[in-house]
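Engineer: With chain C held as given, fit chain A onto it using these hints.
One-letter residues, chain by chain:
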Amino acid sequence: DGGITQSPKYLFRKEGQNVTLSCEQNLNHDAMYWYRQDPGQGLRLIYYSQIVNDFQKGDIAEGYSVSREKKESFPLTVTSAQKNPTAFYLCASSIRTSGGDEQFFGPGTRLTVL
Amino acid sequence: AQKVTQAQTEISVVEKEDVTLDCVYETRDTTYYLFWYKQPPSGELVFLIRRNSFDEQNEISGRYSWNFQKSTSSFNFTITASQVVDSAVYFCALSEARTGGGNKLTFGTGTQLKVEL
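In order, the protein sequence lines correspond to chains C and A. Following our numbering, the numbering of the first sequence begins with 1 at its first residue and continues without gaps. Following our numbering, the numbering of the second sequence begins with 115 at its first residue and continues without gaps.
Chain A on its own, in the form it takes in the complex:
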């Protein structure tokens, strides 16, 4: 069975600080996909990134960066120079890579990030 663990329930930082959100996953599949979603107070989930299990390159997108390490089954998310608008709940998710078998996502419990002035 697949499992995603986000051990950090809530993180508070002061604006301009860097912050890393941890994500550890479990799966027996050799091919799988990892995702990060952002849920602002409005409630709608916003897609941030997808990474497949064969691509361990780190990725940077503006102030966001992701560190994927298969050796530790982790897919951590770092926000550099955080801003108040980054305040949200962030979810890490895992899906299998089955053709025609559906695209079921297994979500972690989320990390509430609060960025204060």
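Next comes chain C alone, as it looks inside the complex:
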């Protein structure tokens, strides 16, 4: 079955540690995205990638980094520079990079920094 997988579903880290969240898709989509969701808030875009080896900052990129070495994979690293990293992180993909295409979402990773 085609879809987006994120692992793990729950992640706990100590303050000051970097942590990498996995996102894999087998939909053959060109574009991939990372969003952050905080309680009672909508989704905010962290980074997005339109093509392999290229990515752009979203609205809240500070304290995060990404890579896109393969079309199927778009890992997100939450660095120690992110001041408030505890949140629900959602990865998404869309078939093309032009506006209007629906984005398909993964199940999300809930990160808790202790």
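FYI, nobody ran anything at the bench for these hints, they're computed from the structure. Values in this document were obtained by computation on a predicted structure and should not be read as measured data. Glycine is no exception: its CB is placed at the ideal position from the N, C-alpha and C atoms. Hints may be right or wrong, so weigh each one.
What the hints assert, rightly or not - Here are some of the chain C residues that sit facing chain A, going by a computed Cβ distance under 8 Å:
no.: 1; residue: Gly42
no.: 2; residue: Leu43
no.: 3; residue: Gly58
no.: 4; residue: Phe88
no.: 5; residue: Leu90
no.: 6; residue: Gly100
no.: 7; residue: Glu102
no.: 8; residue: Phe104
no.: 9; residue: Phe105
no.: 10; residue: Pro107
no.: 11; residue: Gly108
Structural biologist: Coordinates of chain A only, in the frame set by chain C:
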């Protein structure tokens, strides 16, 4: 800058009642797309509908219907005869229509719908 407002933070209804979720948007673009997504307790967002700015026809899909009005910049979502399984957070979102410029979605803050027996 684009903005999506969902003024209703939480709505509670009794099963079989009809309920309308409001969505008001702001954009300077003449071509844009509007979306509704459902987020059940599991957390994964489920796509419900997409509408482009040139198509103001209302749409009905089973118990779901959408009313798009450019004159009031609104894209409201109605669930008819609500069911407990409709309980979720619903997000309205807006994207630009730029080729090769990415497909960034601007989300509203969501409306928590609770359907009780």
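Engineer: Check each numbered hint against the structure and report the violated ones by number, ascending.
Structural biologist: Nothing - there is no hint that the structure violates, so all of them hold.
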